[in-house]
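There are 2 protein chains.
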Amino acid sequence: MLNIAIIGGGAIGLLTACLLEKDHHVTLYIRDKQQYKVIEKEGIICLPVKKRYPISVQMISRISANHELIIIAVKAYHLQVLVKQLKQLNVPLLFIQNGMSHLSVIKEALAEHITFIATVEHGARKEGLNGVTHTGIGNVNVAPYGLNAKQKPLIIQRLATHSFPIKVMQDGERLLKEKVMINAVINPITAVYQVRNGAILTDPRLHEEAKNLAAEVARVLALNFNEQWQRIVNIASRTSRNDSSMKVDIDQGRCTEVDGILGYLINLASSPIPKIIDYYQAIKEMERGDQ
Amino acid sequence: MLNIAIIGGGAIGLLTACLLEKDHHVTLYIRDKQQYKVIEKEGIICLPVKKRYPISVQMISRISANHELIIIAVKAYHLQVLVKQLKQLNVPLLFIQNGMSHLSVIKEALAEHITFIATVEHGARKEGLNGVTHTGIGNVNVAPYGLNAKQKPLIIQRLATHSFPIKVMQDGERLLKEKVMINAVINPITAVYQVRNGAILTDPRLHEEAKNLAAEVARVLALNFNEQWQRIVNIASRTSRNDSSMKVDIDQGRCTEVDGILGYLINLASSPIPKIIDYYQAIKEMERGDQ
Numbered sequence: 001m002l003n004i005a006i007i008g009g010g011a012i013g014l015l016t017a018c019l020l021e022k023d024h025h026v027t028l029y030i031r032d033k034q035q036y037k038v039i040e041k042e043g044i045i046c047l048p049v050k051k052r053y054p055i056s057v058q059m060i061s062r063i064s065a066n067h068e069l070i071i072i073a074v075k076a077y078h079l080q081v082l083v084k085q086l087k088q089l090n091v092p093l094l095f096i097q098n099g100m101s102h103l104s105v106i107k108e109a110l111a112e113h114i115t116f117i118a119t120v121e122h123g124a125r126k127e128g129l130n131g132v133t134h135t136g137i138g139n140v141n142v143a144p145y146g147l148n149a150k151q152k153p154l155i156i157q158r159l160a161t162h163s164f165p166i167k168v169m170q171d172g173e174r175l176l177k178e179k180v181m182i183n184a185v186i187n188p189i190t191a192v193y194q195v196r197n198g199a200i201l202t203d204p205r206l207h208e209e210a211k212n213l214a215a216e217v218a219r220v221l222a223l224n225f226n227e228q229w230q231r232i233v234n235i236a237s238r239t240s241r242n243d244s245s246m247k248v249d250i251d252q253g254r255c256t257e258v259d260g261i262l263g264y265l266i267n268l269a270s271s272p273i274p275k276i277i278d279y280y281q282a283i284k285e286m287e288r289g290d291q
Numbered sequence: 001m002l003n004i005a006i007i008g009g010g011a012i013g014l015l016t017a018c019l020l021e022k023d024h025h026v027t028l029y030i031r032d033k034q035q036y037k038v039i040e041k042e043g044i045i046c047l048p049v050k051k052r053y054p055i056s057v058q059m060i061s062r063i064s065a066n067h068e069l070i071i072i073a074v075k076a077y078h079l080q081v082l083v084k085q086l087k088q089l090n091v092p093l094l095f096i097q098n099g100m101s102h103l104s105v106i107k108e109a110l111a112e113h114i115t116f117i118a119t120v121e122h123g124a125r126k127e128g129l130n131g132v133t134h135t136g137i138g139n140v141n142v143a144p145y146g147l148n149a150k151q152k153p154l155i156i157q158r159l160a161t162h163s164f165p166i167k168v169m170q171d172g173e174r175l176l177k178e179k180v181m182i183n184a185v186i187n188p189i190t191a192v193y194q195v196r197n198g199a200i201l202t203d204p205r206l207h208e209e210a211k212n213l214a215a216e217v218a219r220v221l222a223l224n225f226n227e228q229w230q231r232i233v234n235i236a237s238r239t240s241r242n243d244s245s246m247k248v249d250i251d252q253g254r255c256t257e258v259d260g261i262l263g264y265l266i267n268l269a270s271s272p273i274p275k276i277i278d279y280y281q282a283i284k285e286m287e288r289g290d291q
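First to last, the protein sequences are chains P and Z. FYI, the numbering for the first sequence is 1 to 291, going by this note's numbering. FYI, the numbering for the second sequence is 1 to 291, going by this note's numbering.
Treat the hints with caution; some may be incorrect.
[Unchecked claim] Straight-line alpha carbon distances no greater than 30 Å define the calculated DSSO-like cross-link-like pairs of lysine-lysine that follow:
1) P:Lys-284 with Z:Lys-22
2) Z:Lys-22 with P:Lys-84
3) Z:Lys-87 with P:Lys-275
4) P:Lys-84 with Z:Lys-37
5) P:Lys-75 with Z:Lys-41
6) Z:Lys-37 with P:Lys-179
7) P:Lys-84 with Z:Lys-87
8) Z:Lys-177 with P:Lys-107
9) Z:Lys-211 with P:Lys-33
10) P:Lys-126 with Z:Lys-87
11) P:Lys-87 with Z:Lys-37
12) P:Lys-284 with Z:Lys-41
13) P:Lys-107 with Z:Lys-284
14) P:Lys-75 with Z:Lys-37
15) P:Lys-84 with Z:Lys-284
16) P:Lys-37 with Z:Lys-87
17) P:Lys-41 with Z:Lys-87
18) Z:Lys-107 with P:Lys-177
Rather than coming from a laboratory, the hints here were simulated on the basis of the structure.
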């Protein structure tokens with residue numbers, strides 16, 4: 001049993017708090033005063049089973065070093081402010097953010113901390129201020145990152161339980177890169193051509209498009225193309241009847257995460273990437289409803 | 001009379017081609033084959049007066065050094081590919097892009113070229129493939145940028161005509177910074193609070209909010225706060241009954257340019273910027289229709 005802090009009252013923060021509460025002592029830290037009051041009074045409601053979890057909750061300003069692990073589940077752009085607080089605490093840190101932009105923040109500001117990176121395959125949707133629907137059960141992948149990357153992640157093994165299984169990986173940066181790889185190929189193609197994930201395997205033209213796009217993405221991320229293409233084929237096959245999150249966002253007239261995925265790659269690239277740019281522009285036009 | 005190339009078939013590219021065509025020899029270069037065919041056949045239609053401009057048009061792959069000036073009016077993320085072609089041409093370049101991300105591209109890849117930066121205050125909306133509505137007449141501000149910044153911009157003075165008045169400025173980087181300054185303060189506040197530009201002056205609470213946000217933005221951009229606040233007050237007063245572009249985007253359920261404005265500042269900042277982050281998150285939530 002660990003004494004754990006979780007920072008962030010979004011879908012992943014709430015879900016993680018519920019999943020860990022059974023076997024650990026969890027304190028949830030949040031920014032929003034209204035959300036704080038509701039969770040203090042009613043706890044977190046986990047749907048669809050409608051189970052109620054009474055969780056210790058605190059305002060984020062009160063975070064202390066009185067924990068064995070701090071899980072940071074805020075959006076990447078909030079780290080910039082949060083890092084100042086975390087810097088002063090000598091506690092291992094586990095980061096759950098989309099994309100890769102948080103790596104530079106960790107590398108620069110928290111170089112002397114014990115830091116881990118996680119990707120979460122659980123599906124979660126926030127409902128109101130204190131509800132979360134667990135829409136899909138998946139792995140939590142955790143890898144050490146930074147100067148401590150060669151240490152054995154004992155604390156992570158202590159974190160893992162039956163209700164919170166963890167896959168321990170070697171290389172945090174690679175873990176994130178491989179997630180960006182999938183998101184940068186399957187998401188834009190399914191969104192632009194309005195198809196389910198499996199079409200990348202069954203439609204010869206989209207198969208070719210996906211391969212060309214994957215080749216550019218692998219080059220930008222300095223990953224091996226054949227290995228990554230095999231991973232994309234596996235995932236598209238396993239999720240062939242699913243709609244990608246970017247396709248759903250476009251279908252529902254919402255903004256997508258294209259800036260954090262393809263936009264990130266455009267900034268990173270040092271050689272020409274015409275396919276990435278074409279898909280970036282196509283998604284931007286679909287988002288804005290341009291002709 | 002100059003022999004000018006304009007690259008880009010968006011609203012600004014089409015409008016600039018029409019405005020310059022009267023006094024210069026203009027060739028418009030575009031990427032899209034379908035648009036190329038329509039413009040070659042029908043020219044550009046400038047609305048609301050519905051005047052037809054027959055313009056020389058070419059596919060962008062055919063761009064040559066046979067011009068005295070190349071005006072680049074493509075989106076910032078397209079520069080990455082285009083720059084490879086421009087690098088080989090020994091022709092002065094004039095860049096019209098939103099935001100500031102193109103500065104690093106110019107600085108790194110085109111250091112030996114004569115380069116200029118422009119901001120366009122004209123309003124323009126693209127209609128179909130070859131139409132453009134001139135929605136507002138404004139200045140075109142041009143400043144030298146890069147190693148040639150101390151040269152006298154004679155070519156720019158030759159570019160200016162009665163139908164294309166130009167304000168020549170000293171410092172390209174400052175020109176863009178001051179535009180980002182305005183966009184980073186007036187746009188988010190009017191979009192979040194659903195008010196017209198003038199409310200920043202008349203509503204005491206929004207006045208205070210705008211001031212605090214402006215202080216952070218000025219700090220990130222290393223601009224003088226008092227000077228910039230005076231500019232914001234002047235512009236909000238001059239446009240007091242207008243809706244900002246970000247407010248209009250939110251009202252119409254479209255994605256905004258918040259990533260290129262506040263997102264850019266978040267990446268740039270090296271000290272805490274809680275207001276910028278709050279407004280970034282608020283706009284992101286409004287875009288995605290989160291609770």
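Verification of the hints:
Between P:Lys-284 and Z:Lys-22 the CA atoms are separated by roughly 33 Å; this puts the pair beyond 30 Å, and the hint is violated. For the given pair, Z:Lys-22 sits about 57 Å from P:Lys-84 by alpha-carbon distance, which is inconsistent with the 30 Å threshold. Our distance criterion of 30 Å between C-alpha atoms is met by Z:Lys-87 and P:Lys-275, whose separation comes to about 21 Å. As the CA atoms of P:Lys-84 and Z:Lys-37 are separated by approximately 56 Å, the hinted pair breaks the 30 Å bound.
For the hint linking P:Lys-75 to Z:Lys-41, the alpha-carbon distance of about 50 Å lies beyond 30 Å, and the restraint is violated. A threshold of 30 Å between alpha carbons decides the hint, and for Z:Lys-37 with P:Lys-179 the separation of about 41 Å lies outside it, so the pair is violated. Between P:Lys-84 and Z:Lys-87, the direct Cα distance comes to roughly 42 Å. Violation of the 30 Å bound is thereby established for this hinted pair. Proposed proximity of Z:Lys-177 and P:Lys-107 is supported: the alpha carbons are some 28 Å apart, at most 30 Å.
For the suggested pair Z:Lys-211 and P:Lys-33, the alpha carbons sit about 24 Å apart, so the restraint of at most 30 Å is met. Distance restraint check for P:Lys-126 and Z:Lys-87: the Cα-Cα separation of roughly 49 Å exceeds the 30 Å cut-off, and the hinted pair is therefore not satisfied. For the suggested pair P:Lys-87 and Z:Lys-37, the alpha carbons sit about 59 Å apart, so the restraint of at most 30 Å is broken. As the CA atoms of P:Lys-284 and Z:Lys-41 are separated by approximately 28 Å, the hinted pair is consistent with the 30 Å bound.
Distance check on the hinted pair: P:Lys-107 and Z:Lys-284 sit about 26 Å apart at the alpha-carbon level, within 30 Å; holds. A C-alpha spacing of about 45 Å is found between P:Lys-75 and Z:Lys-37, which places the hinted pair above 30 Å, so the restraint is violated. Among the hinted pairs, P:Lys-84 with Z:Lys-284 is consistent with the structure: their alpha-carbon atoms are about 23 Å apart, no more than 30 Å. Annotation: proposed proximity of P:Lys-37 to Z:Lys-87 is violated, straight-line Cα distance about 59 Å (limit 30 Å).
For a cut-off of 30 Å, the pair hint linking P:Lys-41 to Z:Lys-87 is broken: about 63 Å separates their Cα positions. With a C-alpha separation of about 28 Å, the suggested pair Z:Lys-107 and P:Lys-177 falls inside the 30 Å cut-off, and the hint holds.
Hint violations for this structure: numbers 1, 2, 4, 5, 6, 7, 10, 11, 14, 16 and 17, all remaining hints satisfied.
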